[in-house]
Amino acid sequence: MAPSIESQTQSSGNSVCMLFTDIEGSTNLVDSYPDLYDEMLLRHNELLRNAIHTYGGEEVNVVGDSVFALFPGSVQGVQAAIDAQFALTKEEWAQGCKPLVRMGLHCGTVRRHDATVTGIEVHRAARIASVAHGGQIVISNVVRDELAEGHIRATVEVRDLGFHRLKDLRYPEALFDLVVPGLQSEFAPISSIGANRTNLPSDVPVLYGRRLELARLNQILTDKQNRIVTLTGVGGVGKTSLAICAGRSALPLYPRGVFFVQLREIDDPDLIGSEICKAIGLHEAPGVSAIETVCNSLGSAEVLLIFDTFEHLVEAGPVINAILKACPGITVLSTSREPLKLRSELEFAVPPLSVPDEGESDARILANPSVQLFERLARREQSDFAVGSETLGAVARICRRLDGLPLALELAASHVGLLSVAELEDRLQSSIQDLRSKARDIDPRHRTLRLMIGWSDNLLTEGQRRVFYASAVFNGGFGLRAVASLFEGEVDVVDHVEALLDKSLLFRTMALGHARLNMLDTVRDYALDKLRRTDAYETIRERHADHFTELVLSAAPNVMTFNQRDSVEHLMNEAGNIRVALEWRMGQPSAHHSATLIEALTWLWISRGQFSEARTWSDKALQHARTTGEAEPLARILNSAAFIRYMSGDPESARENGVESHRIYSELGNKAGIASAGIIAGIAKATTGEPEAGGALIVESFELAKLIGDDHGTVVALIAIGEGTRAEGDEAAAEEFYLDALKLLDKLGDTYWHGHLLQNLAHFRLHSNDWRNAAALAGQALAIGERYDYPMVVNLAVAAISGVLAAKENWDGAAEIIGAVNGRLARLGVRFEPTDDADFQRIVSAVRKASGNKRFARVSEKGAKRPWEQILSSCRAAVAS
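Numbering-wise, my numbering comes out as the position in the sequence shown, counting from 1, plus 67.
Worth flagging that the hints you see were computed from the coordinates, not collected in a lab.
No experiment lies behind these values; they were computed from the predicted model shown.
Check each hint, because a few of them may be wrong.
Straight-line C-alpha distance at most 25 Å; calculated SDA-like pairs for lysine to any residue [to be verified]: (1) 157 <-> 97; (2) 738 <-> 726; (3) 773 <-> 811; (4) 932 <-> 892; (5) 234 <-> 575; (6) 773 <-> 731; (7) 392 <-> 378; (8) 773 <-> 792; (9) 773 <-> 794; (10) 392 <-> 337; (11) 932 <-> 359.
Put together the whole structure using the sequences plus the hints.
Set out below in C-alpha cells:
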C-alpha cells in the first residue's frame with residue numbers, strides 16, 4: 068500500500084496544487100508497440116484518473132499522454148502522485164509496453180476562464196514536470212513547505228535536488244523529489260536548462276520542401292569548417308524555421324550548447340553582448356563588457372550561437388569577429404535579409420519553396436511542398452479542407468503567383484473559408500497585376516510579399532486597420548491590455564484582434580503562462596510604415612510610452628524585494644517595449660520623462676547584472692538631458708548613471724557623474740537629491756584616491772538621508788560606512804553598521820544587499836573561530852543568492868564556505884571550493900571587491916599552508932574542473948552538517 072501523508076490541510080486563498088504528468092519516451096513506445104500503445108494509454112489514463120479522484124482532484128486536461136490536474140492542497144496532490152506511481156508500477160503491462168511516467172507538482176494561484184486554467188504558476192508547474200525522469204515525482208519548494216506543515220510520514224523522504232534553471236523562467240527554481248519505499252528512487256540528474264544546454268524552442272517547426280537545404284546546412288555545421296554561416300533570403304521565406312531545425316540537429320555536435328539569440332528587439336550593436344548573456348544564462352560581470360563576459364565564460368567551449376534577424380545590425384559584424392577570435396570553439400549561424408559582409412562568412416541562400424510547373428501531373432502537384440504547405444495552413448481555417456481534383460489547378464496557380472513564399476501562402480490560406488479557392492485565385496490575380504504595374508523596380512519576391520500583406524490590409528474594416536497599424540509600435544509582443552491602452556476606450560480592440568489573428572496578421576504565443584500577441588517582422592515593417600504616414604502616429608507612440616512607463620513605475624519598487632519574481636519577470640518580458648518607450652522619450656523636447664524611466668529602471672538593471680543595457684540607455688539619456696538644458700532631469704540621470712557606473716566596475720566615471728549630480732542638486736536645494744548623489748559621489752571618491760573627502764561626504768549624506776526619511780539611501784550609506792571601517796580593520800564597528808542596515812533592509816523587504824552583508828558577517832565569525840555561526844550565515848547568504856539569482860552573492864557565499872571547511876580542518880574540501888571559486892572568477896574575468904578579496908585570500912593562505920603547495924595545487928585544480936552545480940551541492944551539504 069502507498070505510504071500516506073497525515074493531515075488534509077488545504078491551500079489558502081485561491082492557491083491550488085497542480086500536477087502535471089506525461090510518459091517519458093512515448094514516441095519510442097508508439098514505434099515499438101504500435102498494436103499495444105492505444106490500449107496501454109487508456110489503462111494509463113484510467114489509473115491516473117482513479118488516483119486523482121481519490122484525493123479530491125480535478126482533471127483539467129488530458130492531451131495524448133499528458134495529464135493536468137488540480138488539487139485543493141499539496142498534501143492531496145502528492146498523495147495522488149504517489150498512489151498513481153504505485154498503481155503504474157504494479158500493473159502488468161502487455162509484452163513490456165510499460166509507461167514510465169514523470170510527474171511534477173507545484174502550488175500557486177491560477178486564473179480560470181470556463182474550462183481553461185492559466186497563469187505563470189501553471190507554466191512553472193508544467194516546466195517542473197518536464198525536467199523529471201520517468202517514475203520520478205519532482206516538487207517545488209512551495210509544495211515541500213506545505214508538506215512540512217502537513218507532517219509527511221517518516222517513510223517518505225523529500226530529497227533536495229538544488230536550484231535549477233527552467234525554460235522560459237527568469238529565476239532558478241529550488242526543486243526536490245520524493246523518495247518513497249517501494250518505488251524507484253535512483254535517477255540521473257534532472258534535465259534542466261544547464262543539462263539540456265539549449266534555449267531552442269521545444270516545438271520544432273514542420274519544414275516543407277527543405278530536405279536538401281537542411282541536409283546541406285547540417286553537413287556544414289557537422290564539418291565545422293565555416294565558423295560563421297548566414298542564412299539569407301527575403302522576409303517570410305522560412306530562414307528562422309530552418310535555423311531552429313538545424314540547431315536541434317546540431318545539439319550532439321556542440322557539447323557546451325546551442326543557443327538562440329533573438330535580435331529583433333534591439334537596434335543598438337552595443338546590446339548584442341547583453342542579449343547573448345540572456346540567452347546563455349550569464350550575468351554581466353562588473354568592470355567587464357558583456358562581450359568579454361561571454362568570451363571569458365565560453366573560452367574554448369564548443370558552442371553554436373544562432374542569431375536571428377541580423378539585417379538591421381549588419382554594422383555589428385566586428386562584434387561577431389571579436390567573439391570568434393576569442394572563442395575558437397564557437398560557430399555562428401545567423402539569419403538576415405542580407406549577408407553580414409565578414410571575411411570568413413559563408414552565405415547560405417534560402418530560396419522560396421518550389422512551385423508546381425504548368426502541366427504537371429496531379430500526383431506531382433499534390434507532392435509539391437508549396438501545395439502541401441498551403442493545404443496544411445488552409446486546414447487551420449477549414450478543418451475538412453483538402454486539395455482535390457476541383458481545386459488542384461487553382462491551388463497550383465496560387466502557389467506559382469505567390470512565388471512559393473511561405474508567409475505569402477499563409478496570408479492567402481487565412482482567407483479560405485471566407486473565400487472559395489477559385490475566388491481567392493481571382494482576387495489575387497487582379498491584385499498582382501495592379502501591383503506589378505505600380506512597382507516594376509521592386510524585387511519580384513519582395514513585391515509578392517508586400518502584395519499579400521497589402522491585399523490582407525485592404526480586406527480589413529477601418530477599425531481593424533487602425534488596430535493593425537497601431538500594433539506595429541510594439542516590439543517583442545504585447546497583451547490585450549497594452550493594445551487597448553493605445554486607444555483609451557475609443558476602440559473595442561478584442562474583436563479586431565481576433566480578426567487580425569484569423570487573417571494571420573497577428574499570431575498568438577504563450578509567455579509566463581499568459582497569451583501574448585505578436586507580428587512577424589515583415590508584417591510589422593509594413594504596418595509600421597503605414598502607421599508613420601497617419602496623423603495618429605505620434606499619439607500612438609506617446610500612449611505606448613505612457614503605458615510602459617506606468618508598468619515600470621509600478622514594478623520598480625519590487626525588483627529587489629522578497630516578492631520580486633512577478634515584477635522582474637514582467638519587466639524582463641517587456642524589455643523590447645521598454646526600449647521603444649525609452650527611445651521615444653529621448654526624442655522629446657523635455658528630458659523629464661527620460662529621467663523618470665532611467666531612475667525607475669536603475670536597480671532592475673543593476674540587480675540583474677544588465678550593465679550593458681544600463682550604460683547604453685543612461686548615456687543616451689545624459690546626452691538628451693544635456694541637449695534640453697534642464698537641470699533637474701540632468702541631475703537625476705547623472706545620479707542614476709553614477710550608481711550604474713560604480714556597480715558595473717567604473718568608479719572613475721561614477722565619481723564624475725556623482726559629483727556633478729551632487730553639485731546640481733545642491734544648487735537646486737533638493738535635499739533628497741543631495742543625499743542620494745552625495746552617497747554615491749562619496750563612495751566613488753573614497754575608492755578613487757580621496758578616502759577622507761569621500762568618507763566625510765558619505766557621513767554627511769547619511770545624516771541627511773535619515774533626516775528626510777530616505778530609508779534606501781540610509782541603507783546604502785550604512786553599508787558604505789561599514790565597508791570603510793571594515794577596510795580599516797575595525798570589524799566590531801563595521802558589524803554595528805551592517806546590523807543597522809539589516810534591520811532597515813528587513814523593513815524595506817529588500818533582498819539584494821542581505822546576502823552581501825550576511826557573508827561579511829560570516830567572515831567576521833570565522834575570524835573569531837566561531838565556524839558554526841559562520842556556516843549558518845554563509846548558508847543564509849547562499850540561499851538568498853540562489854533563490855533570487857544574485858550570482859555575485861553566490862560566489863561570495865561559496866568563498867566564505869571554503870573558510871568554514873578550513874575551520875573544520877577539511878583542507879581538501881576547502882581547497883576544492885577555492886579552486887572552483889578562482890576558476891569561476893577567472894572565466895568571468897573579475898575579482899572580488901578589495902575587502903571581500905582580502906578575506907578570501909586569508910582563507911586561501913591558511914589552506915595552502917596546511918595542505919602544502921603541491922597538494923593544494925592538485926586539489927584546487929580538481930575543484931576548478933568540477934561542474935559548478937556540484938560545488939554548490941557540496942556547499943549546501945557543508946553548511947547543513
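Going through the hints against the structure:
1. This hinted pair checks out: residue 157 and residue 97 have alpha carbons roughly 21 Å apart, not beyond 25 Å.
2. Distance restraint check for residue 738 and residue 726: the Cα-Cα separation of roughly 15 Å lies within the 25 Å cut-off, and the hinted pair is therefore satisfied.
3. A C-alpha spacing of about 11 Å is found between residue 773 and residue 811, which places the hinted pair at or below 25 Å, so the restraint holds.
4. Distance check on the hinted pair: residue 932 and residue 892 sit about 13 Å apart at the alpha-carbon level, within 25 Å; holds.
5. Of the supplied pair hints, the one linking residue 234 and residue 575 holds, its CA atoms being roughly 19 Å apart against a limit of 25 Å.
6. This hinted pair checks out: residue 773 and residue 731 have alpha carbons roughly 21 Å apart, not beyond 25 Å.
7. Annotation: proposed proximity of residue 392 to residue 378 holds, straight-line Cα distance about 22 Å (limit 25 Å).
8. The hinted pair formed by residue 773 and residue 792 meets the criterion: a straight-line CA distance of about 20 Å does not exceed 25 Å.
9. Distance check on the hinted pair: residue 773 and residue 794 sit about 24 Å apart at the alpha-carbon level, within 25 Å; holds.
10. Proposed proximity of residue 392 and residue 337 is supported: the alpha carbons are some 18 Å apart, at most 25 Å.
11. Distance check on the hinted pair: residue 932 and residue 359 sit about 21 Å apart at the alpha-carbon level, within 25 Å; holds.
Of the numbered hints given earlier, the model fails none.
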